[in-house]
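Trainee: This is what each chain is made of:
There are 4 protein chains.
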Amino acid sequence: MNFASDNTAAMAPGVLDALLRANEGFALGYGNDEQTRTVERHLGEVFECDAAVFLVPTGTAANALSLAHVTAPWGGVLGHEQAHIMSDECGAPEFFGGGLKLIGLGGAGCKLSRATVERAIARYSGHVPHQVNAASLSITQATEAGTIYRVDEIASLCEIAHAHGLAVHMDGARFANALVRMNASPAEATWRAGVDVLSFGATKGGAMAAEAVVFFDRKKAAFMPERRKRAGHLLSKHRFLAAQFAGYLNDGYWLTLARHANAMADRLADGLRGAGVPIVWPVEANIVFALLPRVLDAKLKAAGAAYYVRSNTLAGDDVTIGPDQMLVRLVASFATVEAEIDRFVALVRTG
Amino acid sequence: MNFASDNTAAMAPGVLDALLRANEGFALGYGNDEQTRTVERHLGEVFECDAAVFLVPTGTAANALSLAHVTAPWGGVLGHEQAHIMSDECGAPEFFGGGLKLIGLGGAGCKLSRATVERAIARYSGHVPHQVNAASLSITQATEAGTIYRVDEIASLCEIAHAHGLAVHMDGARFANALVRMNASPAEATWRAGVDVLSFGATKGGAMAAEAVVFFDRKKAAFMPERRKRAGHLLSKHRFLAAQFAGYLNDGYWLTLARHANAMADRLADGLRGAGVPIVWPVEANIVFALLPRVLDAKLKAAGAAYYVRSNTLAGDDVTIGPDQMLVRLVASFATVEAEIDRFVALVRTG
Amino acid sequence: MNFASDNTAAMAPGVLDALLRANEGFALGYGNDEQTRTVERHLGEVFECDAAVFLVPTGTAANALSLAHVTAPWGGVLGHEQAHIMSDECGAPEFFGGGLKLIGLGGAGCKLSRATVERAIARYSGHVPHQVNAASLSITQATEAGTIYRVDEIASLCEIAHAHGLAVHMDGARFANALVRMNASPAEATWRAGVDVLSFGATKGGAMAAEAVVFFDRKKAAFMPERRKRAGHLLSKHRFLAAQFAGYLNDGYWLTLARHANAMADRLADGLRGAGVPIVWPVEANIVFALLPRVLDAKLKAAGAAYYVRSNTLAGDDVTIGPDQMLVRLVASFATVEAEIDRFVALVRTG
Amino acid sequence: MNFASDNTAAMAPGVLDALLRANEGFALGYGNDEQTRTVERHLGEVFECDAAVFLVPTGTAANALSLAHVTAPWGGVLGHEQAHIMSDECGAPEFFGGGLKLIGLGGAGCKLSRATVERAIARYSGHVPHQVNAASLSITQATEAGTIYRVDEIASLCEIAHAHGLAVHMDGARFANALVRMNASPAEATWRAGVDVLSFGATKGGAMAAEAVVFFDRKKAAFMPERRKRAGHLLSKHRFLAAQFAGYLNDGYWLTLARHANAMADRLADGLRGAGVPIVWPVEANIVFALLPRVLDAKLKAAGAAYYVRSNTLAGDDVTIGPDQMLVRLVASFATVEAEIDRFVALVRTG
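Residue numbers (our numbering), protein chains in the order written: chain A, 1 to 351; chain B, 352 to 702; chain C, 703 to 1053; chain D, 1054 to 1404.
Keep in mind that the hints are not guaranteed to be accurate.
Stated by the list, open to error - Listing some non-contacts, in silico: residues in chain B with all C-beta distances to chain C over 12 angstroms:
(1) R372
(2) Q386
(3) R388
(4) H513
(5) A514
(6) N534
(7) R543
(8) D648
(9) G655
(10) R661
(11) D668
(12) L698
(13) R700
As the list claims (entries may be wrong) - Label-pair ranges, simulated between beta-carbon atoms:
(14) E469(B) with H164(A): 53 to 61 angstroms
(15) E432(B) with H829(C): 37 to 45 angstroms
(16) R743(C) with R569(B): 39 to 47 angstroms
(17) E432(B) with N250(A): 44 to 52 angstroms
(18) A306(A) with E432(B): 46 to 54 angstroms
(19) A303(A) with H829(C): 20 to 28 angstroms
(20) V1011(C) with D270(A): 51 to 59 angstroms
(21) A306(A) with E469(B): 54 to 62 angstroms
(22) G457(B) with R1167(D): 22 to 30 angstroms
(23) A1392(D) with R723(C): 23 to 31 angstroms
(24) T256(A) with H1215(D): 51 to 59 angstroms
(25) D503(B) with V1362(D): 33 to 41 angstroms
(26) H164(A) with N1303(D): 40 to 48 angstroms
In case anyone wonders, no lab produced these hints; they're calculated from the structure.
Don't be surprised by glycine CBs; every beta carbon is placed ideally from N, CA and C.
Please work from the sequences and hints to get the whole structure.
Mentor: Rendered as structure tokens:
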């Protein structure tokens, strides 16, 4: 019953297999090996474009490198105030971006509305050179609340951003979970809707430590190799990074893994609802936020359940936590099994 | 016959086994798992001190994080002009260090002499606040030339550095190769001789992507967790980083692997010398620099040999490359086998 | 009728005189001249402590250097969301501070309350190393709204800050204007109340381009000379920077200038109130915010009046601007004369 | 007899006059005043092009802002190892440039030869993304040795730089002194020879604290306003910065001042040569390097002479200092008078 995070899971079998297969013979370092080339091409096929791809070991690296690449040091990055880049990366975007400014915005379910972005752009435009001007927009897919942006929402945000010269970054640490919930292709959910650069996560989905920065317009990636290298994010035995992606992408495996994780989240949400527990935001990915009775905490923990309790501060204005309630984040992964879900729900049900 | 680099090898079997064992069940992320704690303790035991340990995926990260932590932005890092930090990390130390200055010094066999360091400290002291002052010294063990610093040499360099307030960093990407050549313990070869912080490499030795920043005085590591995190170098599924070290360190495996690599380098050097090929620097680790006849290049490459030819510029003043010669770097690893060595030597011998 | 800003005024006569007196003979550069030493001592006397003083040409430099010196790159600076450092320095604190984070907080009249600071500290503490933690507090004296912090308010904010390990910075671009309104000495209004470092402004008060960073504890200023130098803020003909302060501080001249500016602001506020114009915040320094009828704008401008109209967004929640009103900032300086005030009021009065 | 530096002089009368004239009435801040516009236009006329001009208070700021603007963080700046940017700015270029790398090169008389630059470009090209690549070239006019680059030399260096994609920066802290020695216009000595950006110094020439960054191609200056502002180098009472330039440039005053300074240096060099003192480098600006007998030091100092003795280390390989000699730098300025020169020479002559 480990619902603490999807990064508490191990490697998915298909990723491990690819890793094992890569552990043969010699290969040129620093991404000059054949497998890296193949995976880069494969990612281009997945996204149906001539993408420039940069594999890195962490999501923080993917986000910070991306944002720094599309935002000048005197520029601002608009994003949701609860986004990972805002509160969980210890200032990585500011560090990589030479002191750029993160501008946190509100929004129910950790989603940004077009109106909010529009107001923020108006607020952070002009008064040059005194004021930092908005230079990019970062949206998280799926969000920290487990909600997702639909294709039309993405397109609308990108439209307003591009109309004002902002680049659009998508933090896709849980891109797969969002995608399989939509009736859309990877291309439709990204560059065709206007996304310029994607942090495409594999780690949470079933890899060990593998994320891809994907520039959909190759020209925008000029000097990204230097940026990645000087950040210490170019792996020498790069084939193992490539192998993780090879396994992850192979034959739609990544989508299969995500579908399972989402299904487990659905089962959990359904079970909890059936037990009378309020579910806070729409469950659109692999994350469930529930308002559990506080009294259950000790019992659930004692039974081996792992999850995080979120404070009121973090919840945002769109949630009211009752005095006897705790806001609990429950994350399912490819490794979550039905029995765990059912046991957890049963524990809740018996109170 | 892949002698291009020790990072062209795959994972050593013992490391892979540990990785497989780690791929079980759930584990807390970001280094809060049990295996990470165990490995950190183990590293403390290896070095016989209460070390503060930070695992990261690349050597560039380990070096740059270390140097930034012991050098203020207005400080200078003394190092050999051929050192990896100087010419192969695309300015990572400057980036991580907020614009610190790398000061490259000469020296035969890529080694710094006490006199050279002493002169450099004198040169880069005073004239405050106009001049960047020397703030740290970085030595590479084993060096880019495949030579090593003996314990008394390290102690001598550390003494002069500390006498002037400089911290001492050791880039130990090939620490194991150096250590097994000396009659010294890990502690003797580092902090007992005065080293403050070590980039302890496992990747080149047989891991996949695992390096440890080791502060021998825990107090000097304050805020290193934040520094690592904001650089994107705190892995979420951290257990796999820990597992690599667990396998690498287990029962002296790392030393066994290094002894093999060194033995292969010795065999190669002996064979080439027997074939009349001049070996440039003492072979003290797993690297051989040889002055091969230029005419052999095509033949060796055709036979499948991989190695790098180094230009005159990079060679330094202590080597003269004849007009018909090429300076070739040949690196052995844990994965190098005698048959490859013998085949290569035979190819050279037959001319 | 130039009320656009106090920086639209020229040099005050006493400052100019000092500048002229300094323009004699040769003097060592970079602050090694006698006048600089004298001024540094004088500032120590003004603040009744052994202060470390660094003169710089701009307030943005003073603020950014100060904040960077007391805040690690992974730290956060708490300040009012309308503060100059937040919205008018184009990211200077982030740049100087290696990517530190500015955390804007609300508060009526551009002032921070103890409760607000307390909540922010709680919000930005812990969750290490993922979250940027609050590391310093910056308060503006006088504030952007023309209000001031009284000694007990400063002491209360400093107490809560220090209790949690935060350093306290005061942006004193209009320190003199605030001080002369209080029954307090410079020492009482700063370090005795807990302020660690002050940006002590002279430019707006009557100098040409001169600000002083004042560390009340000399030990906290270690390496500040290097930080200033590498920012390009150590003037070579430093005597002219010192001379401005010499003239400004001489015989209480700075307080006399500030008293005049404040008196002009009072006269303006009184006149406008008499004309039925609402004054938004208490006039405690040399700034008046008034809700003028929109219809007057063209007429006033045509008559030569200069001022800035502030948008609703910038006003904060504590002000309501009626549909026919405009929020106008009117700043008086040492150079403002009664006749201008009276003419402006008359223009408003006649509608 | 103050020959310590040209920055030990005060303001030239014509600059002071302009400053006094500027001290009238109100003027918009931050460079939005009329005088600033006029001076910017005037500078364009001086250089016969549509230049983008940015006034700043120090040469270090001018250099660091310029270099950061034309060099990516992963780029290298080629310059003479004795250049001010290399050894006297405490890492300002690295700080402003996000950790760019300064690459110091040798050369007699502090001048770079085409061959040296060509070799350096070859050395710092390729091996991407591991190696920092040369991205810009900085030449100093006049040099730290008091020598100058002739138009054909500048053109030759720019040609080789541009051929490899490097931008060219000229540190013209003593641009006037160099220019009046040549039969060339400002345009010919800069952009027509290929210079992209110039730090045009006025401070050493007779201003108080005023330097101009001049981009000869306006397009290359995009976002420079933001860069200057966030560095704290946009002065609020900007008119006084403009006024200094107005006075300096007025009617060729800057050239008159420089001619005087050079003539004084010539007189000094002639006098010393006549006294049997070797002059080290050609006296082409306002600086004389002489090998004075060591025994004279105490006597000269006692008589009130001020100068700097340069160590062997700093002298470079092209000078040999005898055991009884000291290498002395003597700098003349607009304020130097013949009588001082003659007195100094007489003191040397009498031994």
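Trainee: Look at each hint and say if it fits the structure.
Mentor: Quick rundown of the hints versus the structure:
no.: 1; hint: R372; in the structure: holds (28 angstroms)
no.: 2; hint: Q386; in the structure: holds (19 angstroms)
no.: 3; hint: R388; in the structure: holds (16 angstroms)
no.: 4; hint: H513; in the structure: holds (19 angstroms)
no.: 5; hint: A514; in the structure: holds (20 angstroms)
no.: 6; hint: N534; in the structure: holds (40 angstroms)
no.: 7; hint: R543; in the structure: holds (30 angstroms)
no.: 8; hint: D648; in the structure: holds (47 angstroms)
no.: 9; hint: G655; in the structure: holds (47 angstroms)
no.: 10; hint: R661; in the structure: holds (36 angstroms)
no.: 11; hint: D668; in the structure: holds (33 angstroms)
no.: 12; hint: L698; in the structure: holds (52 angstroms)
no.: 13; hint: R700; in the structure: holds (56 angstroms)
no.: 14; hint: E469(B) with H164(A): 53 to 61 angstroms; in the structure: holds (58 angstroms)
no.: 15; hint: E432(B) with H829(C): 37 to 45 angstroms; in the structure: holds (43 angstroms)
no.: 16; hint: R743(C) with R569(B): 39 to 47 angstroms; in the structure: holds (42 angstroms)
no.: 17; hint: E432(B) with N250(A): 44 to 52 angstroms; in the structure: holds (45 angstroms)
no.: 18; hint: A306(A) with E432(B): 46 to 54 angstroms; in the structure: holds (51 angstroms)
no.: 19; hint: A303(A) with H829(C): 20 to 28 angstroms; in the structure: holds (26 angstroms)
no.: 20; hint: V1011(C) with D270(A): 51 to 59 angstroms; in the structure: holds (55 angstroms)
no.: 21; hint: A306(A) with E469(B): 54 to 62 angstroms; in the structure: holds (56 angstroms)
no.: 22; hint: G457(B) with R1167(D): 22 to 30 angstroms; in the structure: holds (25 angstroms)
no.: 23; hint: A1392(D) with R723(C): 23 to 31 angstroms; in the structure: holds (24 angstroms)
no.: 24; hint: T256(A) with H1215(D): 51 to 59 angstroms; in the structure: holds (54 angstroms)
no.: 25; hint: D503(B) with V1362(D): 33 to 41 angstroms; in the structure: holds (38 angstroms)
no.: 26; hint: H164(A) with N1303(D): 40 to 48 angstroms; in the structure: holds (43 angstroms)
Going through the hint list in order, the structure satisfies each hint without exception.
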